[in-house]
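Colleague: First to last, the protein sequences are chains P and E.
Be aware that the first sequence starts at 1, since it is given in this note's numbering, and climbs by one per residue.
Be aware that the second sequence starts at 1001, since it is given in this note's numbering, and climbs by one per residue.
Honestly, I wouldn't trust all of these hints.
[Stated by the list, open to error] The calculated BS3-like cross-link candidates involving lysine-lysine, where the alpha carbons are at most 27 Å apart (straight line), are:
hint: 1; chain 1: E; residue 1: 1163; chain 2: E; residue 2: 1120
hint: 2; chain 1: P; residue 1: 122; chain 2: E; residue 2: 1212
hint: 3; chain 1: E; residue 1: 1016; chain 2: P; residue 2: 120
hint: 4; chain 1: E; residue 1: 1163; chain 2: P; residue 2: 212
hint: 5; chain 1: E; residue 1: 1163; chain 2: P; residue 2: 163
hint: 6; chain 1: E; residue 1: 1212; chain 2: P; residue 2: 120
hint: 7; chain 1: P; residue 1: 163; chain 2: E; residue 2: 1212
hint: 8; chain 1: P; residue 1: 163; chain 2: E; residue 2: 1122
hint: 9; chain 1: P; residue 1: 212; chain 2: E; residue 2: 1120
hint: 10; chain 1: P; residue 1: 123; chain 2: P; residue 2: 163
hint: 11; chain 1: E; residue 1: 1122; chain 2: P; residue 2: 122
hint: 12; chain 1: P; residue 1: 123; chain 2: E; residue 2: 1016
These are calculated hints, taken from the structure and not from any lab test.
In this text, all values refer to a predicted model and were calculated from it rather than measured experimentally.
Number of protein chains: 2
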Amino acid sequence: TIADAVMDFLQSGGRKPLAGRRAIVTSGPTHEPIDPVRYIANRSSGKQGHAIAAALARLGAETILVSGPSGEPVPSGVSMVRVETAREMLAACEAALPADIAVCAAAVADWRIDCEAVQKIKKEGGALPSLALTENPDILATLSRLASGRPSLVVGFAAETEKVVEHAVAKLGRKGCDWIVANDVAPASGTFGGHDNRVHLISADGAEDWPKMSKQEVAGRLAGRIARYFEDRT
Amino acid sequence: TIADAVMDFLQSGGRKPLAGRRAIVTSGPTHEPIDPVRYIANRSSGKQGHAIAAALARLGAETILVSGPSGEPVPSGVSMVRVETAREMLAACEAALPADIAVCAAAVADWRIDCEAVQKIKKEGGALPSLALTENPDILATLSRLASGRPSLVVGFAAETEKVVEHAVAKLGRKGCDWIVANDVAPASGTFGGHDNRVHLISADGAEDWPKMSKQEVAGRLAGRIARYFEDRT
Chain P
1 TIADAVMDFL
11 QSGGRKPLAG
21 RRAIVTSGPT
31 HEPIDPVRYI
41 ANRSSGKQGH
51 AIAAALARLG
61 AETILVSGPS
71 GEPVPSGVSM
81 VRVETAREML
91 AACEAALPAD
101 IAVCAAAVAD
111 WRIDCEAVQK
121 IKKEGGALPS
131 LALTENPDIL
141 ATLSRLASGR
151 PSLVVGFAAE
161 TEKVVEHAVA
171 KLGRKGCDWI
181 VANDVAPASG
191 TFGGHDNRVH
201 LISADGAEDW
211 PKMSKQEVAG
221 RLAGRIARYF
231 EDRT
Chain E
1001 TIADAVMDFL
1011 QSGGRKPLAG
1021 RRAIVTSGPT
1031 HEPIDPVRYI
1041 ANRSSGKQGH
1051 AIAAALARLG
1061 AETILVSGPS
1071 GEPVPSGVSM
1081 VRVETAREML
1091 AACEAALPAD
1101 IAVCAAAVAD
1111 WRIDCEAVQK
1121 IKKEGGALPS
1131 LALTENPDIL
1141 ATLSRLASGR
1151 PSLVVGFAAE
1161 TEKVVEHAVA
1171 KLGRKGCDWI
1181 VANDVAPASG
1191 TFGGHDNRVH
1201 LISADGAEDW
1211 PKMSKQEVAG
1221 RLAGRIARYF
1231 EDRT
């Protein structure tokens, strides 16, 4: 919105601190097909990831948004790549490298169906179909552990329904990323599909609790922190 | 649209042949939760079911639309009940009875997860989660076989990716409904999420092939046939 743009402009003093930097942002859910008509999905709307891409672009970063199925509009000034599955999302991220910044905000399906059916599975086949699962590639860990060309700053998201900070601290070490934005997606939180978010920013320095704010505000604040990270390094 | 309304008006001679009749229409997909953030879905958009509800209302029927998650707007003149799961959809249909007409256009999930997880299933739990399935209630068969208060005309939909008419004829007998509208939802057909549909109307009299037309036109033609059914009976 214009208000967001004005706010970012005022906060940044109108500078483009991320000019010359390249950012990859993932957003939305992934859909993992069971057969031609059915799939496994999750409740991510894409609002938070899209807002982060918009905020990074406003600070001057050349931004590539790799998004799963989402009804959110493409933010202005952002290049969009649409994908459906986790495997397609990883391939699109790899194709978008090199980058200085990777923000993995998508709710990537951890598993996919081991053997997708070519025709619609019939209910009348007798036995219940068994949904054997296999693990999807881990996009955050893959980008965090690139032997060459790793983005300088890799930021993951942790969507938890319990023990939010504890799970997120463990995830930071396990994935090898630099920061984790942890949020509570328990149904009572209203985070998935909602406009507000309450997050914790986890880094090697510890956990910072941010107050509840809109997803646009979370995005603006995160983009500002990313800009400061690069300023501190130079 | 205004054009649709004008077309229906001209076709019906401006009459309301379904005035005094009550119709229940189901539409859209159902979502079956796996845990608080994940679910099984299908590619139904709700376009066809919503268009049928609109067409029946335009011909004068008091119309209740029971819809799973869909981005389609509520048609004018229609009462809408939103549901998520197959069990909720059946309960809403039963609550909407009695009715003269039931059109089951929703793509109801045949199965749900046997034991929905209360907390998000963690990837790090070690073993892959097993998705044990259990059969959902069959809304079409339930409405078709009501011992008392069965709607006079029960119309089912068959979404097939192969042997469309053959599967639909078998479904007519198995479910106990009066008509089946059978369509091809193979990915190449573009039916799911698309604007057009190519259907076959299956009844005890045989199979009628309709040419490819918009989902609005399928709805208008089906509503007209429903009106004629009631005129022939009186």
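Colleague: Has the given pair, residue 1016 (chain E) with residue 120 (chain P), been kept, meaning a C-alpha gap of at most 27 Å?
Modeller: violated, 39 Å
Colleague: Next pair to validate is residue 1163 (chain E) with residue 1120 (chain E); report whether the Cα-Cα distance is within 27 Å.
Modeller: violated, 39 Å
Colleague: Between residue 1163 (chain E) and residue 212 (chain P), is the straight-line Cα distance small enough, at 27 Å or below?
Modeller: Roughly 54 Å separates the two Cα atoms, so the pair is violated.
Colleague: Do the alpha carbons of residue 123 (chain P) and residue 1016 (chain E) lie within 27 Å of each other, as the hint requires?
Modeller: Violated, at about 39 Å.
Colleague: Has the given pair, residue 1163 (chain E) with residue 163 (chain P), been kept, meaning a C-alpha gap of at most 27 Å?
Modeller: Answer violated: residue 1163 (chain E) to residue 163 (chain P) is near 50 Å, above 27 Å.
Colleague: Between the alpha carbons of residue 1122 (chain E) and residue 122 (chain P), is the straight-line distance 27 Å or under?
Modeller: violated, 30 Å
Colleague: Quickly compare the C-alpha distance for residue 212 (chain P) and residue 1120 (chain E) to 27 Å and report which way the hint goes.
Modeller: holds, 22 Å
Colleague: Given the hinted pair residue 123 (chain P) and residue 163 (chain P), is their alpha-carbon gap at most 27 Å?
Modeller: Outside the cut-off at roughly 39 Å; violated.
Colleague: Within a Cα-Cα threshold of 27 Å, do residue 163 (chain P) and residue 1212 (chain E) meet the stated pairing?
Modeller: violated, 54 Å
Colleague: Given the hinted pair residue 163 (chain P) and residue 1122 (chain E), is their Cα-Cα distance within 27 Å?
Modeller: OK: residue 163 (chain P) and residue 1122 (chain E) at ~12 Å, within 27 Å.
Colleague: Between residue 122 (chain P) and residue 1212 (chain E), does the CA-CA distance stay at or below 27 Å?
Modeller: Answer holds: residue 122 (chain P) to residue 1212 (chain E) is near 25 Å, not above 27 Å.
Colleague: Hey, residue 1212 (chain E) versus residue 120 (chain P), does the alpha-carbon distance stay inside 27 Å?
Modeller: holds, 22 Å
Checked against the numbered hints given earlier, the structure breaks hints 1, 3, 4, 5, 7, 10, 11, 12 and satisfies all the rest.
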